[in-house]
Amino acid sequence: MSFAWHPGLGGIVGWCFLALASPVQAGTMTKGAGASPAQDAPAARGHEPGKRKRITTRNSPRNSTGDRVGDRTGNHEESRDRRHETIDVRARAWEKGSYTLSETRSSTGLPLSLRETPQTVTVISRQLMDDQQVNTLDDVLGLTPGVTSFANDNAGRTTYRARGFDITNYKIDGMLINATTSFGGIGSSINTDLYENVQIVRGANGLLGGTGDPSATIYLQRKAPMKDFTVNGLLRLGNWNERRVMADVNAPITRSGSVRSRYVFSWDDTDTFRVREHVNRLGALANYAVDFSRRDTLHYGFQYERTRNDGASWGSNVPIWFADGTPAKLPRSTNPVANWSTTMRDQYTAFGNYDHSFGGEWHLKIGYMRTEGNSISSLGVAKVNNAARKTGGYAGFWNEDGSGAYLNALHAEYHDSRDNADIRIGGPFHALGHTHQLVFGFSGYNDTLTTYSFSHANGNCSIAGVVPFNACQYRATGLPIADWRSWNGDYPGFRTHRTRARQVDVTRNYGAYASGRFVLAKGLSVILGGRVSTYEAYSGSYTLANVYSGQSGNGRQNGVLTPYAGAVYDLTRNLSVYGSYTDVYTPQSQLRDANNQPLSPVMGKSYETGLKGAFYGGRLNTSLAFYLNRQDNVAQATGASNLQTGEAIYRSMNGVKTEGVDFDASGEILPGWNVLFGYSYLSEAGLSYRQDPRHLVRLTTTYHFHGRLKNLVIGGGVSSQTTTQWATNPGRPLGNGKYDSSNLNVNGYTLVNLMARYRLMKWLDLTGNITNLTNKGYVRQAGFYDGMIYGQPRSFTFTLRGHY
-19 MSFAWHPGLG GIVGWCFLAL ASPVQAGTMT KGAGASPAQD APAARGHEPG
31 KRKRITTRNS PRNSTGDRVG DRTGNHEESR DRRHETIDVR ARAWEKGSYT
81 LSETRSSTGL PLSLRETPQT VTVISRQLMD DQQVNTLDDV LGLTPGVTSF
131 ANDNAGRTTY RARGFDITNY KIDGMLINAT TSFGGIGSSI NTDLYENVQI
181 VRGANGLLGG TGDPSATIYL QRKAPMKDFT VNGLLRLGNW NERRVMADVN
231 APITRSGSVR SRYVFSWDDT DTFRVREHVN RLGALANYAV DFSRRDTLHY
281 GFQYERTRND GASWGSNVPI WFADGTPAKL PRSTNPVANW STTMRDQYTA
331 FGNYDHSFGG EWHLKIGYMR TEGNSISSLG VAKVNNAARK TGGYAGFWNE
381 DGSGAYLNAL HAEYHDSRDN ADIRIGGPFH ALGHTHQLVF GFSGYNDTLT
431 TYSFSHANGN CSIAGVVPFN ACQYRATGLP IADWRSWNGD YPGFRTHRTR
481 ARQVDVTRNY GAYASGRFVL AKGLSVILGG RVSTYEAYSG SYTLANVYSG
531 QSGNGRQNGV LTPYAGAVYD LTRNLSVYGS YTDVYTPQSQ LRDANNQPLS
581 PVMGKSYETG LKGAFYGGRL NTSLAFYLNR QDNVAQATGA SNLQTGEAIY
631 RSMNGVKTEG VDFDASGEIL PGWNVLFGYS YLSEAGLSYR QDPRHLVRLT
681 TTYHFHGRLK NLVIGGGVSS QTTTQWATNP GRPLGNGKYD SSNLNVNGYT
731 LVNLMARYRL MKWLDLTGNI TNLTNKGYVR QAGFYDGMIY GQPRSFTFTL
781 RGHY
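To convert, note that position 77 of the sequence shown is 57 in this note's numbering; the numbers rise steadily by one, no gaps.
Hints should not be assumed to be uniformly reliable.
Straight-line C-alpha distance at most 30 Å; calculated DSSO-like pairs for lysine-lysine [said to hold, decoys possible]:
#	residue 1	residue 2
1	K309	K756
2	K585	K637
3	K203	K345
4	K690	K203
5	K718	K309
6	K742	K207
Beta-carbon label-pair distances, calculated as ranges [claimed, not checked]:
#	residue 1	residue 2	range
7	V447	F420	51 to 61 Å
8	N426	D470	37 to 47 Å
9	K756	L692	20 to 30 Å
10	S383	L740	50 to 60 Å
11	S663	G445	48 to 58 Å
None of these hints come from the bench; they were simulated from the model. No residue lacks a Cβ here, since even glycine has one placed at the ideal position from N, Cα and C.
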């Protein structure tokens, strides 16, 4: 086997190879040491799991400070610049079948191992996504330790949370995108077939984006073209008439691979456990790379992602109580929506990245990404809501005799465009006998969200000639349903058309940053950095005559400093203690108060300390974190929604505090045994409800048999959480227009999944998956307009996957 030395990877690659001999001693590999090659890894073809080739190298591994074991001088420039025919990127082929990564830049922008990073980083690898048949962002975060969620409806408006706060930072290859859960957000359209892995950095991470979110940052790494020709695809069938196909082709355009391409196509179509609900997803990627020289590489490409939800609801779709206050206890299949109720979200993306190597592992990287997204919703559902202004109060409560239901309907259309740019230069330098790292950069985005106006006054909103409640919304009046028990979803639909009337929200966030990792002594390193950001958000509107009619907003904020400090100290060869601190500055322009004005940015501080472990040459990573967040201007849901836009109304709360513990383990704990495990404890103070479970356990695991059963992989997973508490609006009916609006306690639950994969031929696998094995009943949200969203019951899929 021939390899080629790759600058910048030498230390990590050498460590990964040499450390396989045992968890505590690097050297020549032995049979059965460490973890087995992945079943699907190209470098592992023809070898049984657990069997290793003897490989030697002239390079020594690194400890967590970056020094090479066996060479304490720190003078490694000569060995780094030599291009030996011994080691290549393929030396880390074990990553292709692993549940962890050897290196990440998602936290600090520096190329660090998980152990060297002074924050909690969770990796959802390509192998894990393939094992669990993951193809949406909701699937990914449902497996992620420390992350919870609640569904605002069954139309893709899902909120994800970590460490007591909403997650608002989402990135693709380092570029911030608008993946929020508002009607205009495009998070539900994300198709993970287009991505190599997803990295979740828990805690504040404002260094690279200017928005130090105290919860987490979701980092999606796009699939990139390689120099070898490969093809893989799948066909999946499941209950509820699910059908899914995917093709992934990596094709070098020139013989040397200096010009190469990658194409991914994904299509998924399925009914669901709810009546009248149907989901269709589409994803496509074309990614190209051109090596102009040994020092210059250009990546560019295009992608498209779309999700259409038919049978979608506006808010909760299952009533908790009847009109007399008795529990409704309706079945999970309940979905009282109109036959035309639907929502569609899509996004078009063009991207380009240029990488120039100065030598000595210093690189200049310039990136740009343009995203155009659309969201169109025509929703109709029978639920509780505000009544006519003359009547006051609420209406739409169902009676057991079938009366009382009204159709609530909303039509909304959005267009979002965002330009992202990132310029950075970084690399190592040598001083005082150690190797240090620096990165300098500038990044930012300009986002324009257009909300098209629909109303009776504009003459572009009507159902059956009935005047809307407000804007293009019908609430619990005007559109009665004769008998909800026998209603089949038939109802006249919206009559709408676009005009030039619209609202435009512009958000700009840009700034310069610097970060450095400095080795102070053997086993001790510090990471220091900071970002100076400019942030502005404003809104304006246009009339039917296309006349601009004013501007409002929270102004411009210049010179916002976000400092970052972290330290890592090696206790042993495998264990390190770490700590980090950063300020929190999180704009909330997507959240509005009762006057439809953006909330002020979240301000606060975030602290984290704990232990990191790396074993078997980085194949198994562990983390124990203790954290404390103190925040002001935190959004608290009021339970009401805006009569014009239909969006939820929030108020700002000061003095919000969260603290807790996260324990994670990811990778191979024995040859062939992959695991992703996490336990989280959370304590919250300062809000009037507790949407997050105090205890959360997540486990995903697979075992690849050896010997005669080498073609078999089995696995499964567990997700368990304790009780949560939700605000209700208006609350349980008591009669005479009165309600019990006390918080609603929702029981915890445990979900169990199973999977098995068998290699039918050298190029073909068959996989079976069962989710929610025990058919546990649970809810993903409760209390919003006295309704709830059921979670998915037991389901199964069978997948044929071919690879070449």
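D470 and N426 - C-beta distance against the hinted 37 to 47 Å: Hint holds: Cβ distance 45 Å, inside 37 to 47 Å.
Cβ distance range 48 to 58 Å for S663 and G445, holds or violated: holds (54 Å)
Satisfaction of hint between K207 and K742, Cα-Cα up to 30 Å: Status holds; Cα separation ~22 Å.
Outcome of range test on Cβ distance (K756, L692; 20 to 30 Å): Given a distance of about 28 Å, which is inside 20 to 30 Å, the answer is holds.
C-beta pair V447, F420: status relative to the range 51 to 61 Å that was hinted: holds (59 Å)
Hint consistency between K203 and K345 [alpha-carbon to alpha-carbon, up to 30 Å]: holds (18 Å)
Restraint status (C-alpha distance of K718 to K309 at most 30 Å): Roughly 22 Å separates the two Cα atoms, so the pair holds.
Satisfaction of hint between K756 and K309, Cα-Cα up to 30 Å: Within the cut-off at roughly 15 Å; holds.
Distance restraint hint 50 to 60 Å, applied to the beta-carbon atoms of S383 and L740: About 57 Å separates the Cβ atoms of S383 and L740, which means 50 to 60 Å holds.
K690 paired with K203 [C-alpha distance capped at 30 Å]: Holds, at roughly 28 Å.
Holds or violated: K585 to K637, with C-alpha atoms at most 30 Å apart: holds (10 Å)
In this structure, none of the earlier numbered hints is contradicted; all agree with it.
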